Structure formats: C-alpha cells, structure tokens
Amino acid sequence: MNIENYEVPVSIVEAVQSLQHGDATILAGGTDLTPQTTSGAKEFLRTLINIQHIEEMRGISVDDGRYRIGGLTTVTDILESALLAAEVPVLVDAADHFASSQIRNAASLAGNICNASPAGDMIIPLLLLDAEVELAGWIDGTLSMRSIALIDFFTGPGKTAMQGNELLTSIVFAAPVEGFRAEFLKSGPRPALEISMVSMGVAAVQKEGVLSNVRVAIGAVAPTPIRARATEAVLEGQLLDESLVDEAAAAAGREVSPIDDVRASAWYRSHLTGVYIRRLLNVVGN
Amino acid sequence: MSAAMEKSLAKKTVIGTRVPKPDAPDKATGRTRYINDMVLPRMLVGKILHTDRVHAKIISIDTRAAKALPGVHAVLTGDDIPELRFGPTRDNFPLKSKKVRCIRDEVAAVAAESEEIADQAIALIKVEYKDLKPVFSASEALSKGAPVVHEDHPDNRSLYYEFSHGDIAAAEAASDIVVEHEFEVPYVTHCCMGPSCVLADFDTTGKLTIYSQTQYPYNYKMDLAPALGIHPGDIRVIQPPVGGAFGSKLDVYPFEPICALLAKATRRPVKLTFSREEEFINSPTRQPVEFRIRSGVNKDGSLTFRSVDALLNNGAYTSWGPTTPVIQMRTFTGHFRVPAVEYKGLAAYTNNVYAGSFRGYGNVQATFVTASVMDMLAEEVGMDPIAFRLKNAQKSGEVTPQGSILDDCRLGDCIEIAAGKTDFLSKHAANIKNRDVPGTRKYGIGIATSIHNAGGAKIHKSDGCGTILKLDDYARATLITGASEIGQGIDAVLSQIVMEELGIPFADITIVNNDSALGPWDVGVHASRTTFIAGNSALRAARAARKQVLDAAAKQSNVTAEQLDLREGHVVQADNGVAIIKLDRLLRQMHFGEDHELVMVTDYYEPNSEPEDRNHVGNLSASWAHGAYVAEVEVDTGTGEVKVLKITAVQDVGRVINRLGIEGQMEGGISVSLGYALSEQLQMEDGKVLNPSFRDYKVPTAPETPEIELHFVESDCKEGPMGAKGIAELPAIIPAPAIANAVYNAIGVRFFAPPLTPEKVARALHQASFQ
Ligand SMILES: Cc1cc2nc3c(=O)[nH]c(=O)nc-3n(C[C@H](O)[C@H](O)[C@H](O)COP(=O)(O)OP(=O)(O)OC[C@H]3O[C@@H](n4cnc5c(N)ncnc54)[C@H](O)[C@@H]3O)c2cc1C
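Protein chains in written order, with my numbering: chain A, 1 to 286; chain B, 1 to 771.
Just so you know, these hints were derived from the structure itself, not from any lab. Don't take each hint at face value.
[Said to hold, decoys possible] Pairs of lysine-lysine residues, derived as BS3-like cross-links and limited to a Cα-Cα distance of at most 27 Å, are as follows:
1) Lys27(B) with Lys67(B)
2) Lys42(A) with Lys688(B)
3) Lys130(B) with Lys760(B)
4) Lys126(B) with Lys42(A)
5) Lys427(B) with Lys133(B)
6) Lys133(B) with Lys99(B)
Given the structure is predicted, the values throughout are model-derived calculations rather than measurements.
With the sequences and hints as input, model every part of the structure.
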C-alpha cells in the first residue's frame, strides 16, 4: 500500500495519539524497515510515523538500582556509554559486534527488539539482564503504559506481543547483583557486518567454583531468541567442572531447534551452540 | 640567453615514484559523474522483466495492461524485434521469445517516464509458461537423455579445448608415485560497486551513441551491432567513469542491446540501471569448474606427468567464461616442468546462470588446483614445499610445451625471496608440531605460485593499442589512447611515461580515453595488458614527440639533438642540465615560425607475440611473469573460522612505474583472492541465486584484510615500457591456494573446494575427529 500520511511526533503522547487507530508503520532508524520494504518482505501501512524526534525516548540512566534505556537510544550510544562500560559491559560488547559504524549510528535498541529477529544481537545481553520493555498506548483519551518481560515479548520470527497501536518506549532492568559476570559471543565468517548464525550470552555469579544466578540466552537457533532454561537448571548451584560443562553443552544442544538457511546449516548452528557454551562457561566460571 | 635561463636542471625520474591517480580526488569527494548520475533531455527509464523460471517454453506474453499505463512509452518482447543472435558463439538473444533457459532470461522490457512507472508496468506484464525439465550440473547435462538447453546443441556440448604433450601413458607407467584428485571451484561474482548501467541515444539518421561501462570499447561495437542489426560503424561508445569492472565488462550483455532497442522504439534516450539484486543475479560470474587431475612424481621429487580434465558449467549462454581454458591450461602445462602433460576442457550447457571473464581469466581456478597439488606431491615424496617447488620450477631460457617463451624467468627468485622473508620452513615445521598440542588455536603457513601473461595475450588477431599525442602552444600534452581507464590506474601510468620523456609536470597532461570516435583502436582492458601495451604505445609516441622537439631545438642551437634533454618544462643541455629555452616558447616558435610545425604524433604498437595455433601452441604473450605468495593463518578449530594474519607477495613486475598504483593493484587483488579463499560464493540452487545481496554474499571487509607485505622483483623486461610487465591479475590468482595450503599446515585437513567457510572447516574437522 502507499503511504498516505506522514507524521513526526515530538513526544510519546503525540506518537501514541497518532498510533491509536492502528494502520501505521513506526520508523526509527530504518535499518531493518528500509531493506524489508524495498525487497517487498514488508509493506508500509497507511500512516508512516517517524519517531526519531521524540527526545524523551533517548538516553541511558540509572535510578535506584534500575537502569532505563530509551527505545531510540542507538547502538552507538550504547557502545560509547561510560556508565554501561563500567557497570554492564556485556551490552557494550554486543554493541561492538553489531554491524558497521554507519548502521550502528542509525540502529535503535527498540528497533532491534521490535524487529524480533531471532538473530537480533542486542536482545541476547538484555535477556541475560532479565530486562523488561515498556509499551505505551493511548486508551480512552489518556496515555497508558504497561511493561512486559523481554522474554515474553517475542512470539515468533518478526512477531511480538505488542499491539499495533503501541510504542516501545524504553527498556528497563535491575542493576546486576554483586559478582555477576556476563559474556557474549557471536559467529560469522567475517568479523564485521555479519548477521549472526548463532549468538549466545552466558551470565552467572561464580563463588568458589559454584555458579548461581545462571542465565543462558541464545539467538538464531529457534523461531525467537531463547533463554535456555534447562541448561540454566543444569548449571545453577553446581560446581563448574569438566563434566558439568559437558552436561550443560548436551542440555543446550537439546534446547535449540536450528534450521538450515543460506547463512548456515542446522548442523553448524548446533555445533556452534556447543562450542560457544563451553567457551562462555570457561570465561564466566573463572 | 637571459640570466634567468642559466639555471641547471638535474635529471629526475618519475618512474618508480608514487603518483596519485588523477581520478582519485573526484572519486573521494563524490564529484565523479558516472552514467548512473547522467540525465539527458527527454530521457526515459528502461526496465527489464526477467523470468522467474529456469527452463520453460513461453506460451504467451500479455503486455496490454503495461502498454496502457500512462507514462509508458514502449513495451518490447522478443516478438517485437528481429531474432538477432549475439555473444561470442552467437547463442544469446536480447529478448527471449520462444523459451527461457535460465533465471536471467529477459522476456520483456519497458521504457517509461519514471522508475516507478517502469516498475508498475513490469508488474503488469503477464507471461504464461510451460515448464521444461531443467538440468543444472555439467555432468548431468552431458549424460544421455538429458534435457536439451539449446535445440541446435542436442548434446549440450558448448566449447571444447584439448592440449597434449609427450607420452602420458608411458610417463605414468614409469612414475614412482601417481595420485588423482578432484577439485570444484565455485560461482563468484565481481561485486562492482557501481551496478550495471547503460544509456542509449539514437540520432535522426539511425546512428547510436551509447554511454557504456564497457572495458573494450572498440570490439564492443563489433559485438553489439549484430544484436541490434546495425552497422558497427554506426555506434559511438562514450565511456564515463565506471564503478569497477574486473573483467565483467568485457562482453555485451542482453541489457545493453535491450536498452538500445528501447531507445530506438521510443526515439528518446533511455537509461537502464540494475538494482543490486539484479546485479547479483544477472551480471556475469567467474567460471565454475570441476577438475580431475592425475599427477605423477618420482621419489627424487621430479614431476613426471600431469593429466587434467576440466568440466565447465557453461550455463545457459556463452560469454567469455567457457573460453578461459585458453589461459587456464598454460598454468597446468607451464611454470613447473612437466615432461608429459595433457589438458581437456569441456563446457556443458545447463540451466544455470553463465560466466564471463573475471580478473585472472581461468588461471584463478588452475592455480588453486596446481598449488594445492604441488603441496600434496611434496608431502608424498617427503620434501618441503619450497625445495619441491624449486626443484621443478622452470628457468630462464625454457619454452613451455605450449610455447610460452620464458626468456627471463624469475620463478625461482620469487620462491626463494618469499620463503626467506617469511622464515617459511621453520614456521612450517613448527606448525605441524603444534597440530597435536591441546588448544583450539592453530597456525599455518602456506605458499603458492603461478605464471601469467605479462605482455598482453594475442587472443584476437591484433593485440595492439593506438596513441595520439599532441603538445599545444603552452606545452600542455594531450594523450589520446585506445586504452580505457576502469579504475586500474592507467591514466597515471601513461602520464608518468609522458612526464619522463617530455619533462613536463603531471598537471599539464590530459589523458583522453572515453570516446570511441576519438580514440585509436585498442583490444580492451584485459589480460594484465594495459601498462605493457598502451604504455609501450604511449612511450613510442612520447619519444617521437621528444625527437621532433629536440630536433627543432637543435636546429636553433649549435648542438645535436642527442646532446639535449627535456627537463621541468625546459630544453636543457643533457650533460650539465643548463636550460636553453623554455619548452612552451620553443613550441610556439615551431608553430608560428617559418616552419609552421605542430607537435602531433601517432603510434600503433603491436606486441611481439603470436596467436595460438590449432593445437594451442604459440607464444601468446610478449612477456610472462611469475609470483610466489605466502599466507599465514590462524584457524579456530572450534568454530572453523580461518583468519588470515599476513600475506607476503613476491612478484616479478619487470619495473615499478607507479609505486602507489602497483601497491593498490596488488592489495586489491589480494582482497579479491581472500574472498575466493574464505567467504565468497554465489549460492545456486535449482538454477536460482540464493544470496543476491551483500548481506549474504560475503566480500571481505576492512577488518579481515590481513597485513600485506609486498616485494617487487624488478627484472627489467626488455619488451616492456621502461622495463615494466603487466601485473594486475597474479595478485587475484595466487593468494587463495596459499591460504588453503596454510590451513592444511595448521590443521592437517586438505580442502578441494573453496571457499573455506567456517562451517566447511568445522565440518571437516568434525569428520576428521571420527576417523
Ligand atoms: C547492513 C546491516 C547490518 C546489520 N547488522 C546487524 C547486526 O549485526 N546485528 C543485529 O542485531 N542487527 C543488524 N542489523 C539489523 C538492524 O540494524 C537492527 O535490527 C536495528 O537495531 C534496527 O533498528 P532501527 O532503529 O533501524 O529500526 P527500524 O528499521 O526503524 O524498525 C525496525 C522495526 O521495529 C519497529 N519499531 C522501531 N521502533 C519501534 C518502537 N519504538 N516501537 C514499536 N515499534 C518500533 C519498526 O516499525 C520496524 O518494524 C543490520 C542491518 C543492516 C542493514
């Protein structure tokens, strides 16, 4: 369909008012939307809402132990955040493995989440942090906010629990507990500009070899990014030794359901899952 | 003589210095105007409807709705135009009317007021097909009862090449060791930054001006004319700057005559541009080949025989890809001494896309095979890769079985320098020991070598290039050359040659090579030939101009022309550099004085080479060059990722003319070969291209570009301009097998089919761990 209206809200309230009747496409950095609409994979709806000018949706802050990242915060903003580098380095690490400088300058965190690709790179560290997303809507003439756990946000490839009249305004998560270590790995035949064949994050607190608060998140091996709960259960409260690593790798192998596509075979994705979990446990457990 | 004239100007050479390409500032600042940027008054937009089938009969094409769309000026199908054949073997048609044979096939074309209207019109065209059974693999295509791609080739055989030297059977029987290997090399594509684009404009008398990206403007006229049914003389080719060519623009492709036919039908200029996706699917690829090679070696390390069967997937039509055996077989038969050698190359029609020429022209494939086999044979006889190569390397004075005359062969030098600079043998041995040490990081070092024509290649009746050189009243030079600038840097090289001979500054030289109506003939930019051939022609023209100027100067003074020289815009005394007269003043005196003499010379240079005879024997090139490249890699045995740490390139370049240019050529070539080795492959499934985007087709990017160390062997080629040889293709040929050999050194696994993707390496390691 052709775009009939173009709107440029400058506040969340203005944006959700424009969105209330649905039939609208939200444009953030456009780095997913543009290739998708150009190739025909996705069609523009009647109204195009450019949210780039909503300043209140930008920025990274921490307040009373809760981090808040505005939905329009770019991957570059994350990469350059001294606060995150000091306190939540796994997010910076993932940003460092993301696309190229040009794309990072445009790509928003909300866009990465709302695009709901199983290979979305920023999603993995956020899953390790048990992040929630805040969604805004305009109901009965007022602004209405709800929040939902990020892991519940994804319902399928490109599909989310967000309604057509909602806007993802921010991402929030609690400050990691003392001793929490989180690491991220991403595959690719070349180190830059690569859509992940597998991406994985592992986080835990390690005390005298025993792991707690274990979280394992994996991308590009299932219809949505996943939390590998069974693998986490294998590891939680256990002494990390070689046999536990083997067990965890076996569990992770059972939790993934990769597919063959033009980028990699299911075999290779499973293989990488095993390689990555071993490598990440090796780092996190030390 | 005035006091100011009494300065002394020392002789300075510009040969071997670093000269920036004259087109670089405009390209870097975005000022360059490509065809893609051009707009002519009344210009329309052309668009092609490509089929979505791979092999089907066309039942009907309904263009009524498209024609009725406001803003559409023409809709053409094969039925609207005469059935004119074109292509090197005349098996292609601009628009296909009876059947489609591959996913590229052009079934209709539209000219419209705008891109959007053209797109809409294309979407309105309805084509009814009856699918035919397709065939995709070359070997299946040759089997009995296979679907026929071209009715006039019922056996699907396209081109065949055969060369044989010596008694293979006897040599095989007498060999200590005989081994056989199979290799398969993939579809890769050029990835020119500027997608294909053409602008066609007819005048009222029916003459065509075509703004083209071609890299062979003169023969292009000859090849384009039959597709249009017009006389080649009625075509004028204008060549605005191009965004890359690399061999892809050495032929006519259907979009070009289609654009011209649209221009003819509408009597308006029409421009046609590919999208990136169209570019990936419809522009030529490198020739994919399946090889079977039998090799013999004696225990003392001497090669005894080599027998090569090459099966080429021709695709649906014939461009230059299936002709690459001509160059390919020279590497199998030469460069290492093989007493008995045979090569058979057969191309089979299939319903796949088709290949054109691509930097390296068949030698990329041959070198991947030979360099891998050389390492395997060395291991068979228990020799190291360096000693084994040195033992078999050809030497100066040898003539290869195909008649390549190696009057000054530096292969041995290249190997020795490459091994010495990289501490090859100690690293090689250490890496083998490290294979069994626990850990997932393994290191490897590998070498590869090759030979390539470095003085043109006489595959046409003439391999020449013409030059017109004029000096104006202000001592500004204009050099009109047949040689095209496609980014390779010839404008800088030719300017340097003029500078050197005429002593005028770079800024005072204009190179003109963008209009076939002006330029004297040249065969085209291919075969690493332009510096050699166009350089020689420019040099001869510049020397003729120099002689004319110095003769005139000698006439005015009391010295002979031989006692004079041209330096920094002056005529000087050669012995002491004392200036006699400013060059511009002398030129005005020549022009407006009694003699009315204008400096304006022409030259046509034909290299001292010969076409092959029917048995593929003949000294095809006026010079041959060798190179030896060493790759150092790190392999992650968990993920299978191969990281190239360093490439050390040693190459016989004859003489460095533009140091900056030669470094750029070599680094660029290495990058192309890096992609071939590790990541690039146009994935074909059932005749369709699965990865027509830069997201999924992996060209190397800056972060994975390794450290590159270059060593130039300056052999001072006696035929070459200032001693130079052609250098451009070897850097794109040799690195890939050096990388594969290095990976073997690291992990002990041999790969017979590039690219060595992480998945392929991981799988191979996984399989090896179960053996
Ligand atoms: C060359 C290239 C390389 C890339 N590399 C990577 C990579 O390495 N890793 C990776 O994960 N991704 C990569 N991507 C994908 C893309 O850049 C990211 O997903 C990016 O974060 C998307 O953000 P955006 O702001 O551009 O989103 P947009 O394209 O503007 O939007 C994406 C989708 O989200 C919706 N949307 C956006 N914002 C909101 C909001 N606030 N509320 C509700 N809906 C919203 C849009 O309607 C659209 O459907 C790459 C893309 C390209 C072109």
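Here is how each hint holds up against the structure:
1. Lys27(B) with Lys67(B): violated, 40 Å
2. Lys42(A) with Lys688(B): holds, 22 Å
3. Lys130(B) with Lys760(B): violated, 38 Å
4. Lys126(B) with Lys42(A): Cα-Cα ~23 Å, so holds.
5. Lys427(B) with Lys133(B): Given pair lysine 427(B), lysine 133(B) is violated - Cα atoms ~53 Å apart, limit 27 Å.
6. Lys133(B) with Lys99(B): Holds. Lysine 133(B) to lysine 99(B) sits at ~12 Å (cutoff 27 Å).
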